[in-house]
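Student: Listed here are the chains, written in short residue letters.
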Amino acid sequence: MIKTTGLAKDYVTGAGAFHALRGVDVSIDPGEFVAVMGPSGSGKSTFMNLLGCLDKPSAGHYHLAGRAVSEMRPDELAAVRNKLIGFVFQGFNLLPRLSVLDNVALPMLYAGAGHAKRRARAQALLKRVSLDGKTHQMPNQLSGGQQQRVAIARALVNQPQLILADEPTGNLDSETSHEVMNLFTELNRDEGITLVLVTHEMDIAAFARRRIRFLDGKVVEDTGVAA
Amino acid sequence: MIFPSLIGSAFQALRANALRTFLTMLGMMIGVAAVILMLAIGEGAKAMVNQAIESMGSNLFIILSGASTSGGARVAVGSRPTLTYDDAQAIRKLPLVREAAPVVPGSAQIVYGNVNWSTSVFGVTPEYLTVRNWEIESGGFFTESEVRSGARVAVIGRVVARELFGDEDPVGKIIRIKRSPFQVIGVLSEKGQSLDGRDQDDTVMVPLTSAQQKLFGTPFPGAVRFIMAQGESERVMDAAEENITSLLRMRHRIGKGEENDFTVRNLAASAQAQAMATNVMSYLLGAIAAVSLLVGGIGIMNIMLVSVTERTREIGIRMAIGARRSDILWQFLIEALTVSVMGCLIGIILGVGGALLVEKMAGLTVVVSVSSLMMATGVALAVGLFFGFYPARRAAGLDPIEALRTQ
Ligand SMILES: Nc1ncnc2c1ncn2[C@@H]1O[C@H](COP(=O)(O)OP(=O)(O)OP(=O)(O)O)[C@@H](O)[C@H]1O
Ligand SMILES: [Mg+2]
Numbered sequence: 288m289i290k291t292t293g294l295a296k297d298y299v300t301g302a303g304a305f306h307a308l309r310g311v312d313v314s315i316d317p318g319e320f321v322a323v324m325g326p327s328g329s330g331k332s333t334f335m336n337l338l339g340c341l342d343k344p345s346a347g348h349y350h351l352a353g354r355a356v357s358e359m360r361p362d363e364l365a366a367v368r369n370k371l372i373g374f375v376f377q378g379f380n381l382l383p384r385l386s387v388l389d390n391v392a393l394p395m396l397y398a399g400a401g402h403a404k405r406r407a408r409a410q411a412l413l414k415r416v417s418l419d420g421k422t423h424q425m426p427n428q429l430s431g432g433q434q435q436r437v438a439i440a441r442a443l444v445n446q447p448q449l450i451l452a453d454e455p456t457g458n459l460d461s462e463t464s465h466e467v468m469n470l471f472t473e474l475n476r477d478e479g480i481t482l483v484l485v486t487h488e489m490d491i492a493a494f495a496r497r498r499i500r501f502l503d504g505k506v507v508e509d510t511g512v513a514a
Numbered sequence: 003m004i005f006p007s008l009i010g011s012a013f014q015a016l017r018a019n020a021l022r023t024f025l026t027m028l029g030m031m032i033g034v035a036a037v038i039l040m041l042a043i044g045e046g047a048k049a050m051v052n053q054a055i056e057s058m059g060s061n062l063f064i065i066l067s068g069a070s071t072s073g074g075a076r077v078a079v080g081s082r083p084t085l086t087y088d089d090a091q092a093i094r095k096l097p098l099v100r101e102a103a104p105v106v107p108g109s110a111q112i113v114y115g116n117v118n119w120s121t122s123v124f125g126v127t128p129e130y131l132t133v134r135n136w137e138i139e140s141g142g143f144f145t146e147s148e149v150r151s152g153a154r155v156a157v158i159g160r161v162v163a164r165e166l167f168g169d170e171d172p173v174g175k176i177i178r179i180k181r182s183p184f185q186v187i188g189v190l191s192e193k194g195q196s197l198d199g200r201d202q203d204d205t206v207m208v209p210l211t212s213a214q215q216k217l218f219g220t221p222f223p224g225a226v227r228f229i230m231a232q233g234e235s236e237r238v239m240d241a242a243e244e245n246i247t248s249l250l251r252m253r254h255r256i257g258k259g260e261e262n263d264f265t266v267r268n269l270a271a272s273a274q275a276q277a278m279a280t281n282v283m284s285y286l287l288g289a290i291a292a293v294s295l296l297v298g299g300i301g302i303m304n305i306m307l308v309s310v311t312e313r314t315r316e317i318g319i320r321m322a323i324g325a326r327r328s329d330i331l332w333q334f335l336i337e338a339l340t341v342s343v344m345g346c347l348i349g350i351i352l353g354v355g356g357a358l359l360v361e362k363m364a365g366l367t368v369v370v371s372v373s374s375l376m377m378a379t380g381v382a383l384a385v386g387l388f389f390g391f392y393p394a395r396r397a398a399g400l401d402p403i404e405a406l407r408t409q
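Which chain is which? The protein sequence lines are Z and U, in order. Position 25 of the first sequence, counted from 1, bears residue number 312 in our numbering, the numbering being contiguous throughout. Position 72 of the second sequence, counted from 1, bears residue number 74 in our numbering, the numbering being contiguous throughout.
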């Protein structure tokens, strides 16, 4: 599913170049559930943004589902973000002026799906995350955990093969965190969706079957797939 | 299939900032209203001239006594009127002239029973009807021999008929013009206003000779105040004018280098000149329209740039979930277009309302044509596209990750 070789990212700032990632070699198979850990500033988010085709590496290669991402044109990258990948952010990143239903359906709009199809699928996914009572609410009328479930429903709406979640429970209390993690586990187990998830917390990482630890832009520990 | 939802979300975004949206539309509204008003007044002036020319009779010359000045004709004080009935007859015979009619105009008090009415009285020949393209509504018109004998008969306009006779049939009745009895033998059909705003139906026509001898007695027998002549066709008007001029110079024995003692005027040409005055007003409106559309467009661009900056994060989110650059481009372009088209629609309402107001208050004829509405809409779309494109392209060109990091 994912294969990076020598992946590096430099941020050029006024004070010179900062090496946020220094040669990361990671390979993740379809259906894996990976937790990415490491101290603050170790490059986890930088890595996730590269995996999500939101940013471009300074060096190295990234193959996603067998294709070299560096060779994709902007519209192809958009299509990959739209259909292949579902992104879940720490800050939810819902559009505040759209209803819950419209937020969930939005990726389908960019995929070119018709109105009726979008509604039906978004409804079904909101039911899946137990939010079918909230379809016409606005995002700011929901609790953090509910908003994150809306974001997960949105990430799922185009049936992605890969879900990337950057500290999805970072803004949630531990009980809600576990609800969200149970949902992720189900998705991984029942639908075979590949999951890569950044977290600081051990109990969250314990849901995953493999842990990759970052330090100063390098992978310092990779448990591999646990038996 | 993405467009209906784009329009929907454009409205949503614009409603979220209703006041700002309205202010942005102002320039567009004023511009479009000015375009509509300008075209309505311009078209109206054209229609009015055409209608007036038509009611005057087509391809007309008016030949006046006296030399021409810039404004019209001048007759030296004490000098005799230079045009005669015989001049008119000679002009009639010119090959490029279809018809010519001598006229002796005046004004008089008309009395019928105990009603009196003062109006303009024209001494004319039967040719006058042909030249003026005028019809008889009831009764008849006087004949050549009645003109020769100076018969006391009159044909009256609709207004005179109404004022003097009400519902009564005027034909056969005796009226008094300057105390002389005349028998009404016909009523003219309705003609409406002339170009200078006179009501042409407020008139009485009598045989030329009767006017000369009995009403507006002149010391110069046979003299007429002016002659109306009709050219054969629009194409020969210039040649006809030359022929009339040289004929009259010969008849009046005007030597080489001497000034004409008459003036030939092409009425259609002078009507058009008059219409130009109205056009000045519409050019002025055109300038206002151009400036407000430009200012409106810049306003749209300005607000769209602000909007792109404010919504950078939204753009980042949309890109992260799969929006293509073209999707973002269209989103903002459609927003700009929505503003300009809404401004345009309100502008059309204001413009049409303004045109009706101008018609009522200033008494100008206005014509709001479908093509002017389409043109205004087209201009609005073009302005929206032109000034919306740059901000939209800037939004579409944002880097997804940079946009997402913006708070
Ligand atoms: N846009 C940027 N410009 C400059 N430096 C950046 C930028 N983004 C990240 N960095 C730097 O790169 C390093 C890695 O950042 P990154 O966000 O990947 O860390 P992280 O592991 O996700 O940390 P956290 O756990 O706090 O989220 C940090 O030192 C950060 O300061
Ligand atoms: Mg991070």
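Since the hints were made in silico from the structure, they are not lab data. Here the structure is a predicted model, which means the values were calculated and not measured. Ideal Cβ positions, reconstructed from N, Cα and C, are used throughout, including at glycine. It is possible that part of the hints are untrue.
Using C-beta positions, here's what the derived DEER-type ranges look like [stated by the list, open to error]:
#	chain 1	residue 1	chain 2	residue 2	range
1	U	Gln-409	Z	Ala-302	50 to 60 angstroms
2	Z	His-487	U	Asp-401	20 to 30 angstroms
3	Z	Arg-415	U	Tyr-392	35 to 45 angstroms
4	Z	Arg-384	U	Ala-275	54 to 64 angstroms
5	U	Met-377	Z	Asp-297	51 to 61 angstroms
6	U	Tyr-392	Z	Arg-384	36 to 46 angstroms
7	Z	Arg-384	U	Leu-358	36 to 46 angstroms
8	U	Tyr-392	Z	Ser-357	27 to 37 angstroms
9	U	Ser-7	Z	Glu-488	50 to 60 angstroms
Which residues of chain Z face chain U? A partial, calculated answer using Cβ under 10 angstroms [claimed, not checked]:
#	residue
10	Gly-339
11	Leu-341
12	Gly-353
Student: Would you say the C-beta atoms of Met-377/U and Asp-297/Z sit inside 51 to 61 angstroms of each other?
Tutor: Holds, at about 55 angstroms.
Student: Between Ser-7/U and Glu-488/Z, does the beta-carbon spacing fit 50 to 60 angstroms?
Tutor: 39 angstroms, violated
Student: Given Gly-339/Z was flagged as interface, is its beta-carbon under 10 angstroms from a beta-carbon of chain U?
Tutor: 7 angstroms, holds
Student: So the hint says 35 to 45 angstroms: do the beta-carbon atoms of Arg-415/Z and Tyr-392/U match that?
Tutor: At roughly 42 angstroms between Cβ atoms, Tyr-392/U and Arg-415/Z fall inside 35 to 45 angstroms, so the hint holds.
Student: Is it true that Tyr-392/U and Ser-357/Z lie within 27 to 37 angstroms of each other by Cβ?
Tutor: Roughly 30 angstroms apart at Cβ, these two residues keep to the hinted range, so it holds.
Student: Could you check the hint for me, namely that Arg-384/Z and Ala-275/U are 54 to 64 angstroms apart, CB to CB?
Tutor: Check passed, 59 angstroms falls within 54 to 64 angstroms.
Student: Between Tyr-392/U and Arg-384/Z, does the beta-carbon spacing fit 36 to 46 angstroms?
Tutor: 24 angstroms, violated
Student: If you check the beta carbons of His-487/Z and Asp-401/U, does the distance land in 20 to 30 angstroms?
Tutor: Taking Cβ atoms as reference, His-487/Z and Asp-401/U lie about 27 angstroms apart, which means the hint holds.
Student: If you take the shortest Cβ to Cβ gap from Leu-341/Z to chain U, is it below 10 angstroms?
Tutor: Interface hint status for Leu-341/Z: holds (5 angstroms vs cutoff 10 angstroms).
Student: Mind checking the hinted window 50 to 60 angstroms against the Cβ distance between Gln-409/U and Ala-302/Z?
Tutor: For Gln-409/U and Ala-302/Z the Cβ distance comes to about 22 angstroms; the hint is violated.
Student: Tell me if the beta carbons of Arg-384/Z and Leu-358/U are separated by a distance inside 36 to 46 angstroms.
Tutor: 40 angstroms, holds
Student: Is the shortest C-beta separation between Gly-353/Z and chain U less than 10 angstroms?
Tutor: Gly-353/Z check fails; min Cβ-Cβ to chain U is 20 angstroms, beyond 10 angstroms.
Comparing the model with each numbered hint stated earlier shows that hints 1, 6, 9 and 12 do not hold.
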